[in-house]
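All chains, please: the whole structure from these sequences, using the hints.
Those sequence lines, one after another, are chains D and U.
Here numbering that gives the first Met the number 0 is used: the first sequence runs in plain steps of one and ends on residue 159.
Here numbering that gives the first Met the number 0 is used: the second sequence runs in plain steps of one and ends on residue 291.
Just so you know, these hints were derived from the structure itself, not from any lab.
Among the hints, a few may not be true.
Away from chain D, derived, C-beta distances all over 12 Å, residues of chain U [to be verified]:
no., residue
1, P41
2, K58
3, D61
4, K80
5, L87
6, H102
7, M112
8, L160
9, R166
10, K177
11, Q208
12, D209
13, L263
14, K290
Facing chain U, from chain D, some residues (calculated, C-beta under 10 Å) [to be verified]:
no., residue
15, K56
16, P57
17, N133
18, M154
19, G157
20, G158
None of these values were measured; they are calculated from a predicted model.
The beta-carbon is built from N, C-alpha and C at its ideal position, and this holds for glycine as well.
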Amino acid sequence: MKKEIANFEINGRPYEVIVTPNMTLSELLRDSLDLTGTKHACEVGQCGSCTVLVEGKPTLSCSTLAIAVRDKAILTIEGLSQGRPLHPLQQAFIDSGGIQCGFCTPGAIMMAKALLDENPNPTRQEIKEGLGGNLCRCTGYVKIIDAVLMAAETMRKGGK
Amino acid sequence: MKGGGMKPFEYFEANTVKEATQLLSNYGEKAQILAGGIDLIPRIRKGDIKTEYVVNIQKIPDLDHIGPDGNQGLKFGAMVKLHSLENLKAIQEKYPIFYEAIHQITSVQAKYMGTAVGNLCVATPASDVATALYALGAELKIAGVKGERTEPIEKFYLDYLRTSLKRGEMVTGVSLPKPSPGAGTSFLNLARTRSDIAKMCVAVALTVQDGICREVRIAMGAAAPTLFRATKAEGALTGQKASLQAIAAAAKTASEETRPITDLRSTAEYRKEMANVLVRRALEKALEKAKA
Numbered sequence: 000m001k002k003e004i005a006n007f008e009i010n011g012r013p014y015e016v017i018v019t020p021n022m023t024l025s026e027l028l029r030d031s032l033d034l035t036g037t038k039h040a041c042e043v044g045q046c047g048s049c050t051v052l053v054e055g056k057p058t059l060s061c062s063t064l065a066i067a068v069r070d071k072a073i074l075t076i077e078g079l080s081q082g083r084p085l086h087p088l089q090q091a092f093i094d095s096g097g098i099q100c101g102f103c104t105p106g107a108i109m110m111a112k113a114l115l116d117e118n119p120n121p122t123r124q125e126i127k128e129g130l131g132g133n134l135c136r137c138t139g140y141v142k143i144i145d146a147v148l149m150a151a152e153t154m155r156k157g158g159k
Numbered sequence: 000m001k002g003g004g005m006k007p008f009e010y011f012e013a014n015t016v017k018e019a020t021q022l023l024s025n026y027g028e029k030a031q032i033l034a035g036g037i038d039l040i041p042r043i044r045k046g047d048i049k050t051e052y053v054v055n056i057q058k059i060p061d062l063d064h065i066g067p068d069g070n071q072g073l074k075f076g077a078m079v080k081l082h083s084l085e086n087l088k089a090i091q092e093k094y095p096i097f098y099e100a101i102h103q104i105t106s107v108q109a110k111y112m113g114t115a116v117g118n119l120c121v122a123t124p125a126s127d128v129a130t131a132l133y134a135l136g137a138e139l140k141i142a143g144v145k146g147e148r149t150e151p152i153e154k155f156y157l158d159y160l161r162t163s164l165k166r167g168e169m170v171t172g173v174s175l176p177k178p179s180p181g182a183g184t185s186f187l188n189l190a191r192t193r194s195d196i197a198k199m200c201v202a203v204a205l206t207v208q209d210g211i212c213r214e215v216r217i218a219m220g221a222a223a224p225t226l227f228r229a230t231k232a233e234g235a236l237t238g239q240k241a242s243l244q245a246i247a248a249a250a251k252t253a254s255e256e257t258r259p260i261t262d263l264r265s266t267a268e269y270r271k272e273m274a275n276v277l278v279r280r281a282l283e284k285a286l287e288k289a290k291a
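Below you can see the structure in the form of structure tokens.
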């Protein structure tokens, strides 16, 4: 199998990585670049834990070939804030208790970011539907929805 | 859990349909098309399909086109995402059952990544999207090394996970005919949870003229090895006075036409019972809409 050097733009930073065609985006992030915020969980595209944004669109990195997203802008949980202050979504997940074991959190936050980018003032129902592809096995859904509502409000007031 | 486990394969990015079909022709069953990837990548990882060559069609221009088909219908290309179709006004208004079939998919990520054509080509009989397109009389545009052909969706499915695509062929798009004026349509499915694959799905289209059922289409998913139309039930209802009794009789006939299996989601007996219930409810709903 052919190895090749491919260019990636992740969290605004250029990377040059040796990839093989059968490497997924989640493997590239975690194993090659140590960006372990993105989680491997179900690995069949059903849980949403591996969600990242590719050109702003919510994408399951476990079901995406790394080589197919060369030269595209990829945003992971690590790119949301540069240290402190945290991104309003990260802060709201902490403040509302939207984190339990934390495993689904990066994926849920990235999906919520895509949702708020498209709809800055969502209803509870719209958040439920928007996060329909993100499973939380601690079943902390109520507080996750609270967190997204809280973050939406902060962001509408100009918080970044 | 460590990711991976995907066996090595060779990877191509096709720039044109011609290039893609040539690659598919060269490699035959060892090649798979990569469109959205939400079905293909997990299946390669699980080892369900042996893949030596992956042909990425994402960069072929025009496959992401949606527009009128020149015949008052609508056509869309193989790379059009479910999310784009869901949000298209023309689909919400003219083909509401197609919209509903997409809208009830819970994973937003899957809708951003996945394509309707990819969904059709998986050829699972449990596809909600394919069931809706079956009732709407969709036509598939197929390209091969020797040229293009069109195929009604009803001739596309040969068996469980098997389509009529020949070596070197790919589906490049779908055309939806202009909806029959005054037709009532409805889509219903039954699943263990909102996000699970359907135990059974039904999509119907019904035209009523002067109180008589004229055009009747009953498409059934997860009720046999492939999608199918309950043609005996359709025949029984066509020409009948549109009534709850006639609908109940047709639903019973449709149930008799099913050949369901027992699996972890349902028993065959349950599916057969539910076919009767779902078809009856779907036809009742379509009748209400047809009158309106």
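- Item | chain U contact restraint for M154 of chain D - C-beta distance below 10 Å | Status violated, d = 19 Å.
- Check on K58 of chain U being off the interface with chain D, judged by Cβ distance over 12 Å: K58 of chain U is in fact no farther than 12 Å from some Cβ atom of chain D, at 9 Å.
- Does G157 of chain D meet its interface restraint, that is, does its C-beta lie within less than 10 Å of any C-beta in chain U? Since the shortest Cβ distance to chain U is 26 Å, the answer is violated.
- Just checking, L263 of chain U versus chain D, shortest CB gap more than 12 Å? holds (15 Å)
- Message: Less than 10 Å between beta-carbons is the criterion; does G158 of chain D satisfy it with respect to chain U?
- Response: With a minimum Cβ separation of about 24 Å from chain U (threshold 10 Å), the hint on G158 of chain D is violated.
- Query: Would you say K80 of chain U is clear of chain D, with no C-beta pair closer than or equal to 12 Å?
  - Reply: violated (9 Å)
- Item | Non-interface claim for Q208 of chain U, where every Cβ of chain D lies beyond 12 Å | holds (38 Å)
- Could you let me know if the closest chain D CB is still more than 12 Å away from the CB of P41 of chain U? violated (4 Å)
- Task: Would you settle whether the hint for N133 of chain D is holds or violated, based on the nearest Cβ-Cβ distance to chain U being less than 10 Å?
- Result: holds (8 Å)
- Task: Decide, holds or violated, for the assertion that all CB atoms of chain D are farther than 12 Å from the CB of H102 of chain U.
- Result: violated (9 Å)
- Against chain D, does K290 of chain U hold up as non-interface, every C-beta pair farther apart than 12 Å? holds (30 Å)
- Classify the label on R166 of chain U as holds or violated, using whether its beta-carbon is more than 12 Å from each beta-carbon of chain D. holds (22 Å)
The structure shown violates the earlier hints numbered 1, 2, 4, 6, 7, 18, 19 and 20.
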